[in-house]
Structures are given as C-alpha cells and as structure tokens.
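Protein chains in written order, with this note's numbering: chain A, 1 to 867; chain Z, 1001 to 1620.
The hints are simulated quantities; they were obtained by calculation from the structure and are not laboratory data. Glycine included, each C-beta is placed from N, C-alpha and C at the ideal position. Be a bit skeptical, because a hint or two may be false.
Unchecked claim - Coverage of chain A stretches by chain Z, computed from C-beta distances (three or more under 8 angstroms per stretch; other residues unrestricted):
id	stretch
1	601-612
2	622-631
3	744-753
Stated by the list, open to error - Keeping only pairs whose Cα atoms sit at most 20 angstroms apart, straight-line, the calculated DMTMM-like set for lysine to aspartate or glutamate is:
id	chain 1	residue 1	chain 2	residue 2
4	Z	LYS1417	A	ASP577
5	Z	LYS1141	A	ASP639
6	A	LYS833	Z	ASP1060
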Amino acid sequence: MASSSSSSSSSSSSQPGPSMRAGLVAEIGGDRSGSTWRPVELLPKNRAPGKGPVFRRARTFNFDDWNVDVDRSYIVASSNGGAIAVSRKIDDVVKLDASNYKLCIDIYSAAGVRISSLPLDQVNSVVGMGWTEDEELVAVFSPPSILVVTVFGEHVSDRKLEEIEGVRDCRFWSHGVVLMTLDFKLYDIQVDRGFVSPPALLYGSVLDREKLNNWAIIDPKYSSTRGVEVILLQNLGGFITIAAKKASPVIGGTKFSYMVTSPFGPYLACLAGPNAYFGDLSFQNLTAVPLPAQMRPRQIVCFGTRPSYVAYCSGSKDGPSTVVILAEGQEIVIEYKEPVVIASEIDGVRVISRNYSEFIYQLSEPALNACDPSRLAPAHILVKAYESFLLKKPQVWSKISSIRGDLLKAVNDCIEATGFEFDPADQQFLLKAASFGRNYIDFGFDANKIVEKCKWLRILNSVREKRVGMGITFTQLESSLTIQNLLMRLCSRREHLLAFNVSQLCNVPANEVLEHWARAKILASGSDDVADVIRSKFSLVPRMSYINIAKFAQQIQRTSLATKLSGMEKRIGPQVDLLLQLDQFDAALERAARSGDLDAVFKVFKTLHQREREPPFQKMFSLIEKNSVEGFFLRFCRDQAVNPVFESLLRTYYTTRGKMIQATNEETIKTLAIKDVDRRVEGLQRCVAGYGAILAEKGPNPRVEFTKRAMENQTNLLLIQRTYRNETGVDLVGQNLHNTLAALIQREEMDRAEQLRRKLHVPDTRYWCIVVQALGKAKKFALLKTFSDRASSPIGYSLFVEVCAENDAPPDEVRRYFSKVKDESERFECAMKLRDVDTADAIAKKLKDREKMAMAQKLRAKLNPPR
Amino acid sequence: MANRTETPFSFINETNKISNMRSASLSLETLKDMVKTKLFTILDRIHSQGNLVSLGFDADSMYVVDQVFPKSLMNEHGADQFFLLEDPAQISHRFVLFIIKPDLSRLEAIQKIAHQQFLQGNSKVYHVVFLTRRSSLLDEKIAAMRAEFKNEISFWDLGLVMVPVCDDVLSMELKCGFRELYLERNYSVIKNVAQSIIDLQICYGAIPKMAGIGGFSRNVIEIVKQLQMEIDLSLFQSRSLISNCIIIDRREDMTTPMLFASTFESLIDESIGISQGKISVESPAASSSSSSSSSSSSSMSIGGGAGAGGTKMVDYKLHSDKDQIFPFIKDLPIALIRQAIGRVDREIDLYVSQVSSSKSLQDIAKYKDFLPLKKQLENRLKLYVTLFNKLKSDEAIELRDLRRDFEIGFFGNDETKIPALDQLMNKQFPLDIVLRALILYSLFQNGINDKKYEALKESILQNYGFNHAFTINNLEQLGLIRPQGAKGLKIADFLKSNNLIVSDYQTDTHPTDVGYVFQSLVPVSIHIIRTLLDSSVPNIRQLFPNRDVSEFPEPLSASSSSSAPPEPFLVSPDPVVMGQQRERFTLVYFIGGVTYAEISALRVMHRNDPNHHFIIATTD
C-alpha cells in the first residue's frame, strides 16, 4: 500500500499554502492580483503517476464565532456541505456543575456561524442526532422522544414516543431513524419533509446485551428489500441481518467490533481486532487493512461512491488528531494539531476542527490534467501558456503549438477543472485560460460550455459565502444535491431572494421558493394585509397557485387570511375545494358559477347536500337563489335523477323557496307524461288548482293565466276523450284538439264535435277548416255538401275547392264550390290548383296581372311539354 | 397541407381547389388524431396479446364514434364486434370496451350488462372509455364499480371536446346546448366553449386576436383569458396558425335560423332532415329503377320524379371522405343543382368513353382502377338525383314559395299574412315551420299585436296540443315571440339600415355574394363577421355601437403611451406561408348553433378570398 504523510500547518496563517488560498471563500468576486498559476498540493505526495485516486485539501471556512469543544460535544454535519448540529456531551463535569450548563442543541452553518439554538429540558439527554437528506435535524432523547427541527430551530415535529419504554441507541438514515430500545427491540421512524411516522417495529428482541457488540443500518436506497435493514454484530463473531421483519443470522467468521455503512452507496467499513475492513454490503471479499496500534480510530466513515473509500480519525483527547484516508489501496495520512471530527460526503471528507473546516476531496481526471504538472497534460500546458501570455513571455506560441492537436480537450479539461476550485480567483484563472485556448480552436468547441460553467460557479460561490455558509462542491450539486434540493435548503435558511435568483438563473420554476417565502411571511406577520404583499410577489411567476399558502394559513388558524388568499387563486377546482374546506360555501358557489365549471358547481351542491342531509336544505337553496345558479341546479338534479336521494330535490327546492310557478310547471310537465289517463287527469286538475292558487296569492300573471287555461282545456279534452273511449271503445286519448275534432267528424259524430268545439271555444273559422279537411280526407263529400249548405262559410270556399281537388272529389262538387269563390285572386289560385289553365289564364287577363298570366303560362307549359 | 391528388374529373379538382379547408395547410384531422391515438393505445394494449374486443357504445355517441373512429380502423386495432349499449347483443369476446358519454345512467347500464354476464358465467374484462371529460359526480359510481369488479374494470378519458363534422366544421355536438344555455341559464356551455378554444390553441397555436359579439361571447373570452392564466402556455403549438377568432352569440342573430335557405344542403336538411350527419331516404336504386331502367347506368334522369316502387328507407352519410360529389354541390343554390349534377354525369360519361375507346394497355389498366370509383360516383349521383327530384317536386316548391312569401310579407308588415299563418296552422303545417314564421314576424315587427298574438297562441294550442303552452312560454322567455311594445331591437330597421336586403338576386349564376343563401337578405351573423374582417377600424366597438362587443387582447386606449399604430382586427402576425401565397385562418365560433346557410355563406367568403380560410365551430 502506498503511504503518504502530510504534516498539517493549516492552522497557521503565517504559512499560506495552497489550501489556505483555496479557503478564502469570503473574497468572492475578488480577482487574482498575480498572473501565475501556483501549483496545488496533491495527495498522496509520493504517488505513482497515473495510478490511484488523487486528492486535494481545501480550507473551506475559517471559524470566527464557533466556540465548540470538539472533543466534548456531539457534532453531526449534514451532507452536501450542510449545517452542523452540536450538543454538549453530558460528562462528569456537566453532571457536577449542572446548574452552570444550559443544555442545548446549537445549529451552525458549515461556515461555523450559529443559526439557531434549541434549549433542552434538563431531564432529557440526547441519545443521538442526525440529519435527513432535506436538512432537517432529527434528535432522539431519553426518556423516549423525537424532535425534528429545521436549521432555524423551527419545530417540524416534537413528540413523545410513548409506545417505547426506553431508547438505548439510534442510527440515522436519509429519511429516518432506527431506535434500539432498552429491551433490544428495533423501531423505525420515518421523517420526510415535516411528516414523522409513528414508530414501526422492525423486529422484536433478538440479542441480549451480552451478545451484542455493535450495530449498523442500511439505508433503504441501498438495501435489497428497499426498506431499512439492520446489521447486528455479535460478540461471538458473525452477525444478524434484519430485513423485512426477518432475521438472518450469519454464524461465525470475523468478530466485528464496529461497523459503519455508507450513505452514498451499498458499502460498509468495520473494525475487527487490529484491522479495518471495507467492502460492499454482501460481506464478500472484504479488504482488510491493518491499523497501527497508536492509531485506534475514534471515528470511521465511508465516503464517495466506491467501496474502498474509507476515512477515520484518531487521536488522544484534547490532543493532536490524525485523519487517514484509505482509497483504492492508497493511504493518505493528514495530521492536525487539534481534535477534529470528520463527516462523509459524496466526493470527499469534511474535517471540522475548533478553528476551521477543511475538505479533502478527490480530483477528476480533467481537473488533474489541469493541475498536475507531472502529467504534462495538454490542459496543464494550456494553463502554462496562458500564464506565459500574461507574463508576456515568448513561449506562448511554442506551448500552444505543442498541444495544437489536443487543444479542444485541453480547453474542456480547464473548464471542467474550475468546478474543483473553491477560490473564485482560481476559477477565473482557469476559465480565462480556457477562453484563451479556445481562440486557437478552429471548430468543434461549444461556447455554451463556458457560459454554463460560469452559471454553476456563480451559484456555488454565492452559497459558499459566509453569510449563507453552505460548503457545497460542484460534484455534490451535480450528482447528489440537485438544484431543487439546493433551493429548498436555501429556503430553509431563509435565503429566499438568493433561492429565487438561483431558480431564475437555472430556469427552474420558483413556485416552491415563493411558497416557502410566503409561509415565512405569514408566520412573521399577524395582519391579513400580508396577502397583498404575497400577491405582489406571486404575480411575478405565471400560474402561481395560492392554494398551498391558503391551506397553510388555515392550518395555523388564520381563517380570514386563508379566505383572502384563496380568493386570489386562479384555478377554479382547487380554489373551490379549499373554500369548501373553509366552509365558505357562498364564495365557493359564486366562484364556481362564475367560472362556468360544471364540476366545481356540482361539488359545491354535493358538499352542501351532504352537510345538510335532510330537507329543507335551507343553506343550499338560499345560496342557489343568491348566486342565480338555478340552471346548474336543474342540470345537477337531472344528472342525478337516477339516484333516489336526489330524485325529489328539485321539487323540494321549488316548494321550499316559494317558487310556486316553477314547481307547478315542473309538476305539470311530469303529469303530462303520465300514461294512465285517470292519473293524468287527476294530476292536471291538481296543477290547475295550483295555478289558481298562485294567481289568487300573487295576483294577475299573463303567463300563468295562459298556462292555467291551457291545462284546463287539456283536462277537459282528456275527460271528453276518456268518456268517448269508454262509450265507443275508440281511443282518441292523447290526440290534440284538432285531430280529436277531425276524428269525431270523420266518424260522423257531429254532435260530439260541436259539443267539444263549444266546450273548448274553437272559433268558427278553425272549426270550419277542420270539418272541411276532415270530411275531404275521408272523401265524405255528401256530408261536406250538407255542412256547407248549413250556413255561409266563414272561411270562404277556396279551401273546399282545394280539399276536393286534393282528394279526387267528383268534378261537379269541385265546380260547385269553385263557383262560390268570389274573390278573383282566390279564384285564380283555385284554378291553378285545379290545373285549369284556361280559367286561370282568363282570370289573370281579367285582372291584368302579368305575374299571374306568367304563372298560368308556366303551368300550361308544364302540363303540355313541347315534343 | 391536405394533399389532394389530381383526378381526371374537373369537378373534383375544382372542388378541392375552391373548398374552404380541403386545400388549406391546416387540417382539422389533427383534432381527431389526438383522440384516435388515445383510444387505439387502449385497444392495442388489449390486442397486443392477440385478444379481440367487443365494442359497445351508446346511441348518443354513435355519430361521434362514427366520425372519429372509422370502423375499418377499429377493426385493425382488434375491435371485432360492435353493439349498442341500449341493445346489448351476445357479447362474444372476453374483452369489452365501451365508448360512452359520461353519464350516470350509462354507467348503470354497463353495470347491468356486467351483472348479466356474470350471472351467465361469463368472465369478462371491461374497459369504459368516456368520450368527453367526466364530471366528479361520477366518481362515486366509478369507485363503486371498481370495488365491485376489482381488476376487471378500468376507466379512461378521451377528453374529446369538438368533433370535426366535415372539412371545415367543428361541433361540440351538445344535445340541448341552446336550451341549457339560453333558457335554463346553465353556463357550463360557456366554459366548454372556452375550453374548446384552448384545446384548439393547443393544436394550432395561440390565437392572437379574438372578438366576441354578444354577452355570452364576452363571457367566453373572459374564461379563455382565465384559462390561459391557469394552464401552461408552452402546451400551445408554438406557431400560431389561426390568426383570428370571432365568437357569435346566437342571441345576436336569431333571424337567420328562422329563415328558409336556398342552398342544396340547407334544403335537404329542411325537407328530409340531416340528423347526426345522416339522411334517411328511400333507396335511390329502387326509386330510380322505374324511371331510368332503359337508360344507361351513368346517365341520370333529372326531373323524372322519384320512383313509386321503393319504400325501403336507407341511411346515407353525408360528408363522407369517399363522397366526391356532395362537396361540389352542397353549397350551390337549388337553381344550379341540375346543371351541376348534369356536369358530373357528363364528366363521368366522357371519361368512360375516352378510356374504354383507348387501346393502350396503360389506359386499360387505368380503367380497371377507375371502376370502383365509377361505381361509387354513380351510386352517389343516383342519391343526389333522387334528393334533387324531391326538392324540385311541386309540393316542395310550393312550400318554399309559401315560406318565402311569408318572409317577405312579414318583413314588409303585410297584415294579411297573420290570418294566412293561422290558416296554415288550421291545415296542420309542421309546427316548427309555423313557429319559425311566427318568430320571424315578431322579430321583424318588434312584437305582435296583442289581439293577434293571443289568437295565434290559442291557434297553436288547439291545433298542435295544449302542452305547447310551455313551448310558447319558453319562446316568450327567450324573447323570440313577444307582444308588441316589449323591449327589443327591430331587426327590420337593422337590416334596412345596413343594406342587408337583397332584392334582385339572380339565382342562376354562380354565387359570389353571401346573400345568395337566402336570396332575400344577408345573414346578420355573416354581416357582423364580414364587417369585422373588412374593417380597418382599430377599436371594433365602434363598428357595432348597439351591441355587446368584447375583444381580446383589449385594444390600447387612446391615452396609451405606445407609439405603435393601432391594428385593425384582421391582423395575422404569423400567416402560414404556403408557396407564394400567405394563408390566413379565422375561427368563427357560433354559441347556440349554426345554420347550413351561414356555413355556406362563409364558404363563399373564402371563395372570394381564396387565401382566407374559415374554421367554423358550433356548440350544438
């Protein structure tokens, strides 16, 4: 194994090494004053070129107001350069002088700036602390309780675990914690963005205290069952795996004393005797590394996304510490003059001491090409060429010429390398070198790469500012954190403006950022006017929804604010849902009706119906009336008619709201459709009485009077038709008056027809028309003659002529009626109908009517077509 | 671009060339394709394992299913058996797919069928596809059915809003849209119209300018604005193909639906009735056999009268893709039909004689290929000859003359026409004709004299039934008939002042003026559209001072600081460039229904400006 040792001088500001230069994050925006690229220290120092991973150290933050006794505190850092939680360990000193120690959990940014402090109850002792992936701190206490807070110490959840008797130990995973109880039962509690699940029993007691050495858990992301799994190490050797409520013991083998699993992959690291082991979760082919006796690890972590990446730190209390990085067979030993704790990251190890934090991270191949002079890579030559250019040295062209064929790769490598620099000046230098190199590239270079890289660097540099204090690397942002999660972290740090700008820069929807901001704004303000402030900002983002904010206001009992906010919502469905939840039925119905959204209106009706359950549905009906949504209600009742619950709802509405006209109309229409004539008559009589009552109560109404009269006549007609059916067996029920009269006349029931005519006030002209047509159709021309002889026809005789002509009456009959037609125009029409062209022509000539003459000629031509 | 191949028949080529949308670069087929893909994905999922599907649909959906999903295509995707939900046949396959309009009663019918199948021991898998967006009222029922049938039932939404009825007409196919909106005041129709405009924008890009005439059009524009704020505008097709949208509230022109049009399609609808794109007529084969048995099969007897022998009624689908003749004649006035049909007949004869007399092998092969088309053309020609003869019958002409006489009489306030109308009722003329005449009189004369009004109402009740009291009440409520003195715009004055009366229309020339559709006047709706499109006035409200006009986007106010000159309504910022021509598309949306006459008039407007195409959309 290659071994390297580096004596740390990082705490000494008098020796500004490369790591010191890289750590000046506070100088964001500052430009390099010099014009040379200073070589960086690469680890391990005596590495074989091109073999094994290469690391770098970077001082990420100097701690100014961080006053933490690293050795005497629980220090837990959130991944991806996140916040650090610190709690004083309760040792004998604390116990003896308890009154002077105010127990609390302090939350610091990665830059060592205290963000919040949570005072703890004296009776509580911290069993463990851990961070979720969403940067929520989970603290487990004894007596059993769990506290979930944001970095600002806002309580997401604080609950006593009454179902658990006592907590012995706990292990954290990305979205939860596994508790080991005093009686060795295992419980899993999930924590996901404000939701804390009740403890779920993973397994009952499996080991007693004597047999258990230590234990570890496997994150569901990397477990075979996709659920949290537990590994219990037995002091007799072997271990027990608990997965999906089943225990699988592996008896014998190595006696592991300690185990840790990787949060970034299916890997683990263990300690057993004088050796450290690491490998993947299958426990197959574990690599053993002997540990020097003086370097017993105090802390061991798996980092990175490879199985053989382990770091541990050792050292005596209050004394110097050593951090050892084991990576693919290489060992890097870094010594510190003070106690440190380490935290794993996806691309390296975070080292936290009393005065600063440092990051030891692996460089990618392109970054190495740019930084490692031993490689003589084109990227490094390009850097050197640019340096020569700045120093106005003559070697520029020779250097560029030497890498001409690889210039594109060199430029790309330089751009890539910027992501591994913490100092903006170094980033700028590399970007300028890349930009310099691209001038010599003829084609094939994508200029967007530089623009894109600058965008990411701007984001990284902004969040690394001490004020924000997030020590995120490019690799973490790209492959672990993602922009969406970064936005959420910024929001939870109340860096809403920065989050908004980042979202705009990355073209990511800012909806969640604004929602988070609005929540914070609502909590900070006691007035409903905050709604207007929220609206002014929400209007900046298209299709911004107010629903979640309104729901939040409702949750915190700010009902009037919730109503105001819901009124600002543009989408109808969610708005109506929320208003219904707020019992704002009037607003819900008004909004739904205004939008014309049938579904939303129906939802309001249904909710109101469910609330009131029983008639008279006072609230529902008054709102329908108030919002003029009877049309919708009509459709609602019609669509729901098959459901017996809604069958009589419309009738109930009309009757209870005094809408007697509509109620009676509805009833009448239903009655008219009844097949049974007796029931129909009875129903109609009731309806007529109903109309009568309306007129008596409300005074004259022409439309009601008209309908009443029509229904009275309909009833009388039905009664006559029924009597006629009963007497003769001829069924005329359902026929209209015209057809009934015609049928009676055709059956020569002239008296009955006359009686019916009088009863229903049929005028003479209409009656004569009906009689003439009926008798003509029945070809009862003799009867027609008798009828016509009875009195002078009030309709003239042209209809007689027409009917006779249509029904092939004897010519004498036709002529007789024709002779009675006096008006010449009518006579002309009759002649045309009779196709008597000569007479028609004569009349037309007599009338000197050219149009009529033309008509007659046309008919003549039609009747006698030319051969 | 709708590519239509050149055919040997000049009438087809001419139709393709002058047709409103056939020659356009925008096709309404895109709308069909969207839902087709959805349905065929479901069918293919079943069919991919070699399963055949029994396909059931309700009677109301039959037309839509027929229009959007041709049977042949359904067969290709595994649909093997077709049945009506109301009349379920022996369901032969294990997989059953129902295409229905979302409705509680239809779901109950499906549940009943599933129960019967279960009782008969048949294990089936059901897929229920809702044609249109379903209401949340069905959620409970769906949940209950899911709980009952577990994995054996699944529900799908096609989200169809508009059905392309023909090349240039889209319809929401609402059964009672007019009644619901205007009488019952159920404004969900407005939302549906707005939603359909959004859907069209998703397909054809954002519509830069919209104008609405009438209160409901204003509401539609407001909801469109609202919906555009709610949805992700990136869903819209990036290129704006439709440059303008004009929304007409039917209340703004109730005269046009009451008038008697003279175009072939209108007359077919008036006399035979086009229902769901179909007509039901005597089999022309039977009717023409007696009259043309001696003549050759392709030479038609025009004016020979419908045969008396055939009484078998056959359904014919108008607007079929395969029909090459109807698009040529549908918009022509009846006076030109004889000539047009004669031309088709002659062209077929000429082609047959040319090809059959040729001795070249190529021509013989061509003739062989032509035979199916020839048969198809001849069959259709027979149908249109039958229809034409029916429309030219003495009775039909008499009825047309009578109605025209009434229209002119009512327009001129001829007092003798009211007793004449009463006479028509006494003769039991169809009620719809009588009511339309009565409405026209009321609209033209701004109400009916009280005494006459009461007498006419009484006459309707006594001649057609007392239950029509509700019909009269509804018409009164809509303001379509009213006693004199009631408030309302006198249509006659409007027609006169806007020169919409066509007094000397020549019926025997090819129509170039939109007034040809009624031969008496220009439809008010078409006048509004024409005025909007022809105008160079930036603020369209100035054009119609007495009407409720809305615009989107709102015109810039006079005090606006913008230095850009105000634009007229017809501005196409992104006209579709087609070769050297610049095409422009205007969507004309009729809330409350459109008449065939208005459609024909818009097609004439297209013929007068061949680069300006009209997409016609309607609710009913």
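Looking back at the hints listed earlier, which ones does the structure fail to meet?
Going through the list in order, the structure violates hints 3, 4, 6 and respects the others.
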